[in-house]
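A.B. asks: Take these sequences, add in the hints, and give me the full structure.
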Amino acid sequence: MVRIVSDSSTLFSTREAQSLGFDVRPLSVLVDGQSYKEFEQLETIELVRLIGEGHVPSSSQPAIGEVVDMYEQYPDEEIINISLADGLSGTYQSACMAKSMVDHGDQITVINSKTLCGPHRYLVETAVALAKTGMKKSLIVDEIEALIQTSTSFLIPQDFEYLVRGGRLSPLVGKIGGLVKLVPIMTLSEDATRLTKFSTKRTFKKAIQAISEDLLAKGVNEDYKVYISHACHEELAKEAEQMVKKLIEGVETEIMLLTPVFTAQGGPGCVAIQVIKKHPIFK
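Per the working numbering, the sequence shown starts with residue 12, numbered consecutively.
Mixed in with the good hints there might be a few duds.
As the list claims (entries may be wrong) - The list that follows gives simulated cross-link-like pairs (lysine-lysine, DSBU-like), each with its CA atoms no further than 35 Å apart:
# : residue 1 : residue 2
1 : 288       : 143
2 : 110       : 236
3 : 288       : 257
Hints are computed from structural coordinates only; laboratory data are not their basis.
C.D. replies: What follows is the structure in structure tokens.
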């Protein structure tokens, strides 16, 4: 059977992944010079508490050596590594470099998911399900590559500071936006290498409406799954879910808690709205 591996952008911990028959390596959060592996050494609620105390976090990808170790656990198996979007992190490049450092690199395929979090999770779940049917690696890769093209992501932060710090907004725009209490909507660029500004609305409800209208224009319907992920603001996520379900009839939704890494990037209270088309294996 083909072995599926990935990273914790999938919102899976190492233990959860192992129980489901695949492997992930955790991303890390840096706080005051100390590195913490998410899920293993730091949970999201703990990070939000640290941020509230004035600590400023940053994130990093798994060390190349850890990815090499993961590959070397399966020297006789074909491996597919479905990585966090290249450009948003160095995780994809690390996965490729690790491939070149092992003897069985020709058995490893690294896929740039061009996404993160909810859709990334779905891609890995789909690959695992297909692998369990005995499907050949090349065919699994084709199926996953096709699914990647159906994914769209939006982010609504609660604090402009995190976008300014990450270079997604200029300091001046961030300051003005914060003063007038605007709600920014960010989306993945067409090449999925960075977040770009999609729109700015006066209220959260209007932001969700704008996102839903864009998804409808893209053809999103009951054949898609919507992930609504949040950084310790479940009430806001539930409000978004109700609106999405009302505006996109019959669509399946799932609310999830963002990991420490993406909380560090989007800020406490941020909400992500992401979609991906369902694969027939789950219908």
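A.B. asks: Taken at face value, is the distance from the CA of residue 257 to the CA of residue 288 at most 35 Å?
C.D. replies: holds, 19 Å
A.B. asks: Take a quick look at whether residue 110 and residue 236 sit within 35 Å of each other, Cα to Cα.
C.D. replies: holds, 32 Å
A.B. asks: Hint check: residue 288 vs residue 143, CA-CA at most 35 Å. Holds or violated?
C.D. replies: holds, 20 Å
Hint check: no violations occur; every hint is consistent with the structure.
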